[in-house]
Structure formats: structure tokens, C-alpha cells
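Residue numbering for the sequence shown follows numbering that gives the first Met the number 0, beginning at 0 and increasing consecutively.
Hints are computed from structural coordinates only; laboratory data are not their basis. Keep in mind that a hint or two might mislead.
Taking lysine to any residue pairs in the SDA-like style, the calculated list, with each CA pair at most 25 Å apart, reads [what the hints assert, rightly or not]:
| hint | residue 1 | residue 2 |
| --- | --- | --- |
| 1 | K40 | G30 |
| 2 | K81 | M111 |
| 3 | K40 | E11 |
| 4 | K160 | E12 |
| 5 | K81 | G30 |
| 6 | K78 | D100 |
| 7 | K40 | N91 |
| 8 | K113 | V170 |
| 9 | K128 | F149 |
| 10 | K51 | M62 |
| 11 | K171 | F143 |
| 12 | K128 | I87 |
| 13 | K40 | P165 |
| 14 | K160 | S58 |
| 15 | K113 | G30 |
| 16 | K40 | D147 |
| 17 | K78 | D156 |
| 18 | K113 | S58 |
| 19 | K160 | C47 |
| 20 | K160 | V134 |
| 21 | K51 | E148 |
| 22 | K78 | Y107 |
| 23 | K113 | E11 |
| 24 | K51 | K78 |
| 25 | K160 | V170 |
| 26 | K171 | Y140 |
| 27 | K40 | E12 |
| 28 | K128 | A86 |
| 29 | K113 | E12 |
| 30 | K51 | K171 |
| 31 | K81 | S58 |
| 32 | K78 | M111 |
| 33 | K128 | G116 |
| 34 | K113 | S63 |
| 35 | K40 | N163 |
| 36 | K51 | V76 |
Ranges of calculated distance between the beta carbons of each label pair, as one might list FRET restraints [said to hold, decoys possible]:
| hint | residue 1 | residue 2 | range |
| --- | --- | --- | --- |
| 37 | Q19 | E130 | 20 to 26 Å |
| 38 | P56 | R16 | 21 to 27 Å |
| 39 | R15 | K171 | 21 to 27 Å |
| 40 | D60 | Q159 | 21 to 27 Å |
Cβ coordinates follow ideal geometry from the N, Cα and C atoms, glycine included.
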Amino acid sequence: MSERIEVLLSEEEVNRRIRQIGAQISEDYAGRPVHLVCVLKGGSFFMCELAKRITVPVSLDFMSVSSYGGDTKSSGVVKIVKDLDEAISGRNVIVVEDIVDSGRTLSYLLEMLKGRGPESVRLCTLLDKPERRVVDVSVDYTGFRIPDEFVVGYGLDYDQKYRNLPYIGVVKFD
């Protein structure tokens with residue numbers, strides 16, 4: 000079986016929306032620094048582009064979490080594979096994610112981070128699939144709400160392929 004990619008969101012659409020989110024974050028945090036926490040691996044492309052478009056001081060850190068184990072479905076058990084390098088106490092934290100679907104992992108992660116004493120914790124995602132939600136997660140900054148399709152590009156992958164696409168595409172199997 001081979002796959003092909005159909006464009007869902009063009010590079011221009013994605014870049015335009017990231018500029019808008021960066022401007023909104025800059026306005027919301029005027030005069031205050033923000034600490035972006037990227038959820039690896041997929042969120043790295045989005046976070047780098049977003050950080051370039053935020054005008055208030057920005058610091059960055061990275062986390063890697065897993066709730067899949069060896070399966071393709073979330074187990075609901077979250078494992079921290081790589082924790083933050085810096086403390087977040089007193090900081091305005093924005094968790095940056097590539098996509099929010101079931102909400103299980105992010106719900107756990109957000110509660111864990113809130114327990115570390117930040118000034119605030121908000122969630123920013125490039126893509127949101129609200130109809131897949133099984134745990135209520137409040138998304139503060141959303142790039143695009145998308146249908147329940149398997150998407151790649153801009154950090155999202157299929158079998159470690161297609162992360163480097165500059166647009167969001169839907170994987171179609173032939």
C-alpha cells in the first residue's frame with residue numbers, strides 16, 4: 000500500500016495564522032516575558048515559527064511525553080520521556096503542541112505543570128480535532144480546527160516521514 004499527501008492547509012495559510020497567533024500572544028502578554036514549552040517532536044516546527052513572531056521576551060524549553068507505548072492508540076498512561084531543563088515557578092508558561100485530539104496527554108501534562116508554581120499556564124496548538132476529545136482540555140490559542148483526518152507536515156509525521164512539509168496535508172492510502 001502506498002500513500003499520497005493532499006494539501007489541507009497551504010504554507011501561506013499556516014504562516015498567516017502563526018503570525019496572527021504570535022500577535023495575539025504579544026498583545027496578551029504585553030510587557031511580560033513568556034516561557035514556551037514545546038511538546039516534542041511534532042511541536043518543534045510550530046514553536047520555532049511562533050517564537051519568531053512574538054514580540055515580548057521569549058524563553059524556550061522542551062518536554063517529551065508518551066502515552067502510546069508500543070501501540071497506535073493512547074494507553075491513557077502518560078510517561079515523561081524528557082522533562083523540562085528549567086524551573087517554571089513564577090513564569091508565564093505557554094505549552095506549544097502540534098495537535099490536540101483526545102486531550103488525555105495534555106490534560107495530564109497541564110495539571111502537572113500547574114503544580115510546579117507558574118504564574119500562568121496556557122495551551123497553544125497549531126491544529127485541533129475537537130470531535131476526538133475524550134478529556135476536556137481548554138485550548139487558549141488555536142491555529143486551525145480540522146476534521147478527523149490523519150494529517151502530516153509542519154512537524155506531524157506518518158512513520159517518521161513528512162515532518163518537513165511546509166504545509167499541512169492529509170495522508171491518503173492507495
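Between K51 and K78, does the CA-CA distance stay at or below 25 Å?
violated (30 Å)
Assessment of proposed distance window 21 to 27 Å (beta carbons of R15, K171)
About 25 Å separates the Cβ atoms of R15 and K171, which means 21 to 27 Å holds.
With a cut-off of 25 Å on the C-alpha distance, tell me whether K160 and E12 pass.
holds (22 Å)
With a cut-off of 25 Å on the C-alpha distance, tell me whether K113 and E11 pass.
Distance of about 35 Å is beyond 25 Å: violated.
Pairwise hint evaluation, Y140 against K171, where the allowed Cα distance is 25 Å at most:
Not satisfied, since the Cα-Cα distance of roughly 28 Å exceeds 25 Å.
Is K40 close enough to P165, meaning Cα to Cα at most 25 Å?
Given that 25 Å is the threshold and the Cα spacing comes to 16 Å, the pair holds.
Take the C-alpha atoms of K40 and N163, compute the straight-line distance between them, and say whether it is at most 25 Å.
Given that 25 Å is the threshold and the Cα spacing comes to 12 Å, the pair holds.
Restraint status (C-alpha distance of K51 to V76 at most 25 Å):
violated (34 Å)
Given the hinted pair K160 and S58, is their alpha-carbon gap at most 25 Å?
With Cα atoms ~29 Å apart, K160 and S58 exceed 25 Å; violated.
Proposed proximity, D156 with K78 (alpha carbon, max 25 Å):
holds (20 Å)
Holds or violated: K81 and G30, Cα atoms, limit 25 Å.
violated (31 Å)
Hey, K160 versus C47, does the alpha-carbon distance stay inside 25 Å?
holds (19 Å)
Going down the numbered hints, you'll see the structure goes against 1, 5, 8, 12, 14, 20, 21, 23, 24, 26, 28, 29, 30, 33 and 36, while the others check out.
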